[in-house]
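Chains A and B supply the protein sequences, listed in that same order.
Under numbering that gives the first Met the number 0, the letters of the first sequence match residues 0 to 119, in that order.
Under numbering that gives the first Met the number 0, the letters of the second sequence match residues 0 to 673, in that order.
Source of the hints: derived by calculation from the structure; they are not laboratory data.
Hints may contain errors.
The following residues of chain B were derived to be distant from chain A, with all beta-carbon distances above 10 angstroms [to be verified]:
no., residue
1, L9
2, M51
3, M188
4, T387
Selected chain B positions facing chain A (in silico; Cβ < 8 angstroms) [said to hold, decoys possible]:
no., residue
5, G50
6, E72
7, M180
8, H234
9, S238
10, F304
11, F518
12, V521
13, G522
Cβ atoms here follow ideal geometry from the backbone N, Cα and C, with glycine treated the same way.
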Amino acid sequence: MSKRVLIVDDAAFMRIKLKDILEKNGYEVAGEAQNGNEAVDKYTELKPDIVTMDITMPEKDGVEALKEIKAIDKNAIVLMCSAMGQQTMVMDAIRAGAMDFIVKPFDTERVIKALDKAIN
Amino acid sequence: MEDNSAYRDLFFEETDENLAILNQEVLQLEQHPDDKQIIDAIFRAAHTLKGMAATMGYDTMAKLTHAVENLFELVKSNQLAVSSELISLFFDSLDTLTEIVEKLRVDEDDSVDITTLVSRLEKAAAGEASADKPEIDKKHEGKTPFEFPVLEDSDKVAIASAVNSGYQLFAIGVRVEEESMMKAARAFMVISRLEQIGDFVQMNPTAETLEQGELEESFTVYFLSKEDKESIEKHVEGSSEIEEIWVKETTPDEDLNVSEGDMNRDESEDELDVEEEKTAGPSAEKKKPAAKQTIRVDLSRLDQFMNLVSELVIHRTRLEDVSEKNHLQELTEPLTQVGRITTELQELVLQLRMQPFNVVVQRFPRMMRDLTNELGKEINFVTEGENTELDRTVVSEIGEPLIHLLRNAADHGVEMPDEREKAGKPRAGTIKLSAYPEGNRVIVTLADDGKGLNPRLIEKSANKKGISTEGMTDEQIQNLIFHPGFSTAQEVTGISGRGVGMDAVSQKIASLNGKIETFSEVGKGTTFRITLPLTLSIIQSLLVKVGQETFAIPQAIIDKVNRFDEKDAISVHQKEVYHYEDRTIPLIRVHDALDLAPSTKELQHVIVVLIGEKHYALIVDDLIHQKEIVIKKLGKEISHVSNFLGATILGDGSISLILDVTSLCTRKRAHSNE
């Protein structure tokens, strides 16, 4: 059965791009969220296998959302999506329990590798 | 590069949005240089732009946005103060970004020279912040062997005692993929996993270096653990972009570095403690105006939806016909239901096409700021009713004429500060742009408190240009500004005054089925009042008969309808004019213009239409009735056919063409001018 992914990103463009990458590679996109608050809600609602979490987002950023998701489900698999120059935040996220991270711009191969690895 | 063409539209839409945010927020920042929330918003927008540009493979744009973001990161972390130079630097960057985006929109090329700009941005960043070098892009050829840290004597003692209590010393080397970005964070990921199953003795580079985000491509640790080699290897797996993890059981005395060749020891460790300051954490509060839940839909799909709904309406009407003719009582009730639902659907799809006026307005404050500076005037620009909604098409078309009017108001309307003071007015002029709904129309007004339109000056200028003003009221003279080729400016400035604008403005508004009126008082100011239809998809029209054909004429442009008497048509230089309210206006016989068979009807009608500021008389045969119609675009096979705005399907299922009166009248004019 294909793994279900929750995509969190405030830019629709990024969500669509990522969704496309995932769906073409055998993942199922269970849902999308545009900010941290939505991400936490959707996580509880959808119980996805993996979350891809953008770091810079309005309302609640990805690291905060990650922490909350981890508090709800300590086994949650969360992959951070970061842009260049956010290393400090990525490290914060790893400290907070992020499984891995992908750097934008998204490269299909890398994204899929990271997800495959995270699942195993 | 992957094929991104599918995302192009979305890319531009979001890019425009983010550029608008940037313009707006930087403008705000100028007023409130310390506002954290503004800085955050700017940072976020720049960041989003960068990400999107890089994903699309638009390198120039990505590079520029990256430089902007870098600089803003410094502002965000209080390492750089907001100065007016910084603001203009940002504005310059935004202008260049806009230029790049416009170029991209036309073709896939974004080759704009940004070297000076980027170096200015970098200089600004370097000027204040001592060490802000990009943490990536250090090209490496060949792979350096793992270089293990030196164990100190105290380490060796600690290791010995740990070994006694069942620990094993491991030497672990981790190599991050060369292409990988944020290598330090990758390494950090492995480290945080190792931490769960053991302790670190020494690390190269040091933990602090890693924390600061510096890593070439490999790192090494001496690691104490009770786990065996396999389980360690297993435990650190699962991180992507790690090229190699090398684990070896070792003893403190084994010199691992020798076998790899004597490496030059990196001195950088010593310099590392200097810079401890790091950017503010991500947990900084973020605000955002309460986000509505929205999705983006391709406009053509909405049009399609609209078309389908209107087709549904037509077939409903036919069903009603059938039901009535055959006295099918059973059908009446469900048909009423269908009727109500289709009406609701129609309203809904119209609403879907609505966009707030703000979409147009939001770029104006920036423009007005630049204008004010350029002209050396003081102008308060006020907007009102930004939330008034208009059809998307109107919203996208109205921007250009408004810009023209705004420029005119700033350039010709508002006086220089000294001049204003002399006239007993406040030094700063006010230009106010407001929008409000009125029935099924939207009224946009643009008012300035400048010097107003002086009829005498206009008269003089008109006479010089050979435009007769005889017998005209002051109001009519003021309206001459819409006359083609008219300009009152003493000298043509770069901003306005070429005299082609106002004519174009009124034509554009007419093409949107709107109209523009002028109210001006000398010394007090000028107000333009633009009336626009809420939507362009459904219009009130007059159905007329020309020969055998039925045509629809948009109601909005019709000034008067009358019976036509051949006596009122006067032949002048091979063309005809019509006598209307003591004036003569061009006369167009629709059947001639459309090459239809000449009318045999005794009784014809004249429809006087107003396009811009000019009247035309259209001669048709019969008037059928007034009707609300849904405009359907002509298919692309016949889209080159001028004279028609589109077609509509009438209740009985027949099709009627909608006359493009503007094209009909102006083409005729061009023709007869020859």
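Do the hints match the structure? See the list:
With a least beta-carbon separation of about 5 angstroms from chain A, L9(B) fails to lie farther than 10 angstroms from that chain, contradicting its non-interface assignment. At roughly 5 angstroms from the closest C-beta of chain A, the C-beta of M51(B) falls inside 10 angstroms, breaking its exclusion from the interface. Under the 10 angstroms C-beta cut-off, the non-interface status given to M188(B) relative to chain A is violated; the minimum distance is some 5 angstroms. Taking the minimum C-beta to C-beta distance to chain A, about 25 angstroms, the non-interface status of T387(B) holds against the 10 angstroms cut.
Here the hint on G50(B) is kept, as its CB sits about 5 angstroms from the closest CB of chain A, short of 8 angstroms. For E72(B), the interface hint holds, the least distance from its beta-carbon to any beta-carbon of chain A being 7 angstroms, beneath 8 angstroms. Taken as an interface hint, M180(B) checks out: its beta carbon lies about 4 angstroms from the nearest beta carbon of chain A, inside 8 angstroms. At about 13 angstroms, the closest approach between the beta carbon of H234(B) and any beta carbon in chain A exceeds 8 angstroms, and the interface hint on this residue is violated.
This hint holds: S238(B) has a C-beta 6 angstroms from the nearest C-beta of chain A, less than the 8 angstroms allowed. Contact between F304(B) and chain A, as hinted, is not supported at the beta carbon level, the nearest pair being about 20 angstroms apart and thus beyond 8 angstroms. Hint on F518(B) is violated. Least Cβ distance to chain A is approximately 43 angstroms, over the 8 angstroms limit. Because the smallest distance between the Cβ of V521(B) and any Cβ of chain A comes to about 50 angstroms, over 8 angstroms, the interface hint for this residue is violated.
At about 48 angstroms, the closest approach between the beta carbon of G522(B) and any beta carbon in chain A exceeds 8 angstroms, and the interface hint on this residue is violated.
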